[in-house]
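A.B. asks: So you can see what is in the structure, the chains are spelled out below.
Number of protein chains: 2
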Amino acid sequence: MEWKVNRSGDKPLYQQIAEFIEQKIAYGEFPPGSLLPSERKLAELLNVNRMTIVHVYEELQASGLIERKQGSGTYVSTHKWGIRPSVYTNWKKYVEGGSFLPTYPLIRRIREEAKRMENGFDLASGELSTDLFPVQALQSAFTQQTIPCDLGYEHPQGHLALRETVANHVMTYHKINTTSSSVLITSGAQQALYLITQCLLSPGDAVAIESPSYYYSLPLFQSAGLRIFGLQVDADGINPDDILALHRKHRIRMIFVNPTYQNPTGTVLADIRRQKMLEISAELGIPIVEDEPFSLLSFEDQKHDPIKSFDQSGNVLYIGSLSKVIASGLRIGWLIGPQSVINRLADARQQMDFGLSVFPQLLANQFLQSADYPDHLQYLRKQLMDRRNLIMSALREILHGKIEFTTPKGGLHLWCKINQEVDDQKLVEEGIKNKILFMPGSVFGAPNGYVRFTYARLRQKSIMEAISRFAEALSRV
Amino acid sequence: MEWKVNRSGDKPLYQQIAEFIEQKIAYGEFPPGSLLPSERKLAELLNVNRMTIVHVYEELQASGLIERKQGSGTYVSTHKWGIRPSVYTNWKKYVEGGSFLPTYPLIRRIREEAKRMENGFDLASGELSTDLFPVQALQSAFTQQTIPCDLGYEHPQGHLALRETVANHVMTYHKINTTSSSVLITSGAQQALYLITQCLLSPGDAVAIESPSYYYSLPLFQSAGLRIFGLQVDADGINPDDILALHRKHRIRMIFVNPTYQNPTGTVLADIRRQKMLEISAELGIPIVEDEPFSLLSFEDQKHDPIKSFDQSGNVLYIGSLSKVIASGLRIGWLIGPQSVINRLADARQQMDFGLSVFPQLLANQFLQSADYPDHLQYLRKQLMDRRNLIMSALREILHGKIEFTTPKGGLHLWCKINQEVDDQKLVEEGIKNKILFMPGSVFGAPNGYVRFTYARLRQKSIMEAISRFAEALSRV
Chain A
1 MEWKVNRSGD KPLYQQIAEF IEQKIAYGEF PPGSLLPSER KLAELLNVNR MTIVHVYEEL
61 QASGLIERKQ GSGTYVSTHK WGIRPSVYTN WKKYVEGGSF LPTYPLIRRI REEAKRMENG
121 FDLASGELST DLFPVQALQS AFTQQTIPCD LGYEHPQGHL ALRETVANHV MTYHKINTTS
181 SSVLITSGAQ QALYLITQCL LSPGDAVAIE SPSYYYSLPL FQSAGLRIFG LQVDADGINP
241 DDILALHRKH RIRMIFVNPT YQNPTGTVLA DIRRQKMLEI SAELGIPIVE DEPFSLLSFE
301 DQKHDPIKSF DQSGNVLYIG SLSKVIASGL RIGWLIGPQS VINRLADARQ QMDFGLSVFP
361 QLLANQFLQS ADYPDHLQYL RKQLMDRRNL IMSALREILH GKIEFTTPKG GLHLWCKINQ
421 EVDDQKLVEE GIKNKILFMP GSVFGAPNGY VRFTYARLRQ KSIMEAISRF AEALSRV
Chain B
1 MEWKVNRSGD KPLYQQIAEF IEQKIAYGEF PPGSLLPSER KLAELLNVNR MTIVHVYEEL
61 QASGLIERKQ GSGTYVSTHK WGIRPSVYTN WKKYVEGGSF LPTYPLIRRI REEAKRMENG
121 FDLASGELST DLFPVQALQS AFTQQTIPCD LGYEHPQGHL ALRETVANHV MTYHKINTTS
181 SSVLITSGAQ QALYLITQCL LSPGDAVAIE SPSYYYSLPL FQSAGLRIFG LQVDADGINP
241 DDILALHRKH RIRMIFVNPT YQNPTGTVLA DIRRQKMLEI SAELGIPIVE DEPFSLLSFE
301 DQKHDPIKSF DQSGNVLYIG SLSKVIASGL RIGWLIGPQS VINRLADARQ QMDFGLSVFP
361 QLLANQFLQS ADYPDHLQYL RKQLMDRRNL IMSALREILH GKIEFTTPKG GLHLWCKINQ
421 EVDDQKLVEE GIKNKILFMP GSVFGAPNGY VRFTYARLRQ KSIMEAISRF AEALSRV
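Those sequence lines, one after another, are chains A and B. Each residue of the first sequence is one higher than the last, beginning at 1 in UniProt numbering. Each residue of the second sequence is one higher than the last, beginning at 1 in UniProt numbering.
For the record, the hints were derived by calculation from the structure and aren't laboratory data. It is possible that some hints are incorrect.
Heads up, the list lumps identical chains together, so a pair's fine if it works in one copy or across two of them.
To be verified - For lysine-lysine, the following DSSO-like pairs were computed, each having C-alpha atoms within a straight-line distance of at most 27 Å:
#1 Lys-409 to Lys-115
#2 Lys-41 to Lys-11
#3 Lys-11 to Lys-402
#4 Lys-93 to Lys-249
The task is simple: from the sequences and hints, build the whole structure.
C.D. replies: Written as structure tokens, this is what we have:
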């Protein structure tokens, strides 16, 4: 809740809150018949004593604005404002309907805490900390930008100059040959994945994903009615032979992989397996979706060329993004693939949102071409490596023998196995009490007893304290 | 196609084109087995003689890169690049699958022509001409902008400062009471509509829309599996009593309306009908989606308060947008409604694209608060009214008696009835030959013999010529 009570004013808190709710009811934001938060919950949200809320609800009930139903909760009255009872929209039915599924409750809970928590330790959010965003360089790109005269709808695939820059970028950094007409600019990798599931797959289709993987956390596969099957990840990523077995059983229609510094395990798909995967994919006629948000965040000298770089038959849809290397708030990603696929997805995207704003596209284009960009990448890699080193030594020191992990050679995440039986949900709740957030393994389809720590989101000075707090939470479950 | 032949170089055209296609095949942009454009079509796209393309395809066939199948077309060869035949993805099957439906062919045809046509007359695209975008004011807002330090993911509902500004804006201009926590910032009105159909309605649900209306042109209703029913528009908009009749027959679950300067008819829903509509909606418990992109573009003194302004029970979801009053390339719109609906849609949007970029939100916020904004609105209204007057006199002069219309009192569109039998499709094709684009009535669910002219997209000096060309096209069908 964005509204806050005014603690320095004359008006009693209960009165401020009552007026606030009254206003929300008058504006139709809390419509007749809608459920209000419980006393406990509202007290928590507004950071006031529960007795204050008891008082608020008594006042509102006395004025007839709300009704309390034993054992069921507090509702906005249906015969207020001169409206006859039951003549209003039953929004609950609408909100719970719809074919698009909501975010999983545990993930939502962690995200909400991450937004709300003050002075907490966030090892859960899969993004950079604010000090790693190249704010000054972006500001300079921003102020130098001349905005174009034609501010009408963009080309359905996105701003041409940016598509050309992206085509150069993937050649320079990833040895991918492409041209601007086969690039679709998307709102991060997320929109690329969403478009693929909505436009290229049909309900009932089977798809293969890495297990564990980030994809498990996305209800968009279920929303599209897809059946998902896991390919086990070992130290070298998935085993391509498993695709054959899976396909024989379920007729797989698409394979989703994140080969480099995989989320959450941090593993790299071995080069020989990349080759093999492409061969199998071509042989079976199953396309690969290669999602590569972390590959530029390398702490090693060895380069890992994406599968797309040796794909000459257009079997691979390649997804890139600036969210993890520049800033997630920029919302710029891309998808590279056969012309017919790009056209189909671009057309669908027009109907969903009529394309991206031209402004972040101009900005991304300018920044990618500037000398600041390689400098920023170098700085970012160094910073992330330092944080990775710090979190590993903190874990070794504080949780020696209680936790296992392998050293990630790039990316944002450290994947840990806890050497004791734990209940994921309980561990998360203990963590929240202790102001430490992390992602439990179950979110990624792993069994109980795994956690993902994102060392990118936390500043160096906080890492030791964060792991101490985690250890405390762990000791309590 | 973005690539162009180089007419001033030494290399023959056919060789340039052959190399271009070879490259596209090598990069997997035209995968094995994919269909290439016909000779005629490719010649048109690249603006070269058809014989040049005949030559290109002969060369490529001789080198084994493409295959020609009698009566079926030209395909990329499947046994090139050392790949065994039939080992590649059959993208055609993927592209034609997927539950999300493509744009209607006639609309796509007109849009592609609008992008491609040089020196043509565009009365089809529903947006402002480039000279009406407040480029200078936006440039000044842009250069003054200090970008925030936290460039991470935004709040799921959008940038807080912009939501506050929007809440003030709808109060000032439309007498709508709301607070920032009930505002969802969207990628134009389009994304708001998309989210509603995906998250609040289920396949098989019946919805009522105006007939004719813009909504007919949106396959997103069909993509969501909705059944759509029309409410006839007369000089005062739809008749609320028709909702009752429709509901009795089909159990309507939602009503979509564009009450002010409706697209395409330009009509205004009478105030008394707005009241009546809200009453009926509340009584039946059917929510109203009120889409208001044009209401600030008024040529009259009378103000039309939106239905939302007298909705105290949260029966109305209100959609606003800056696309038609500032610039469509900004991609900023909003949805205002009950808290539970806003939460549900914001959560779903996170999964689809992880929210809007912060940059256009900052820019929109700054511009909406600046003194430039009301000045711009005033200028825009004057310009649009002049164009409306011009197009009406051109029609009266050139097509006297052959065409009928009523004067729109605001907005971008003029809706005309042609007093003769015409085939919509043929008229469009004749128009394209004559370099004049417009939207045929069938796109909006109207019978043959109606057209929509968007006078906003064409500069004053071109309007007379555009109507002459239309008259010529009309005389030929």
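A.B. asks: Each hint should be assessed against the structure and marked as holding or not.
C.D. replies: Outcome of the hint check:
no.	hint	result
1	Lys-409 to Lys-115	neither (29 Å within a copy, 46 Å between copies)
2	Lys-41 to Lys-11	within (22 Å within a copy, 73 Å between copies)
3	Lys-11 to Lys-402	neither (52 Å within a copy, 69 Å between copies)
4	Lys-93 to Lys-249	between (38 Å within a copy, 21 Å between copies)
When the structure is compared with the earlier hints, violations turn up for hints 1 and 3 and for no others.
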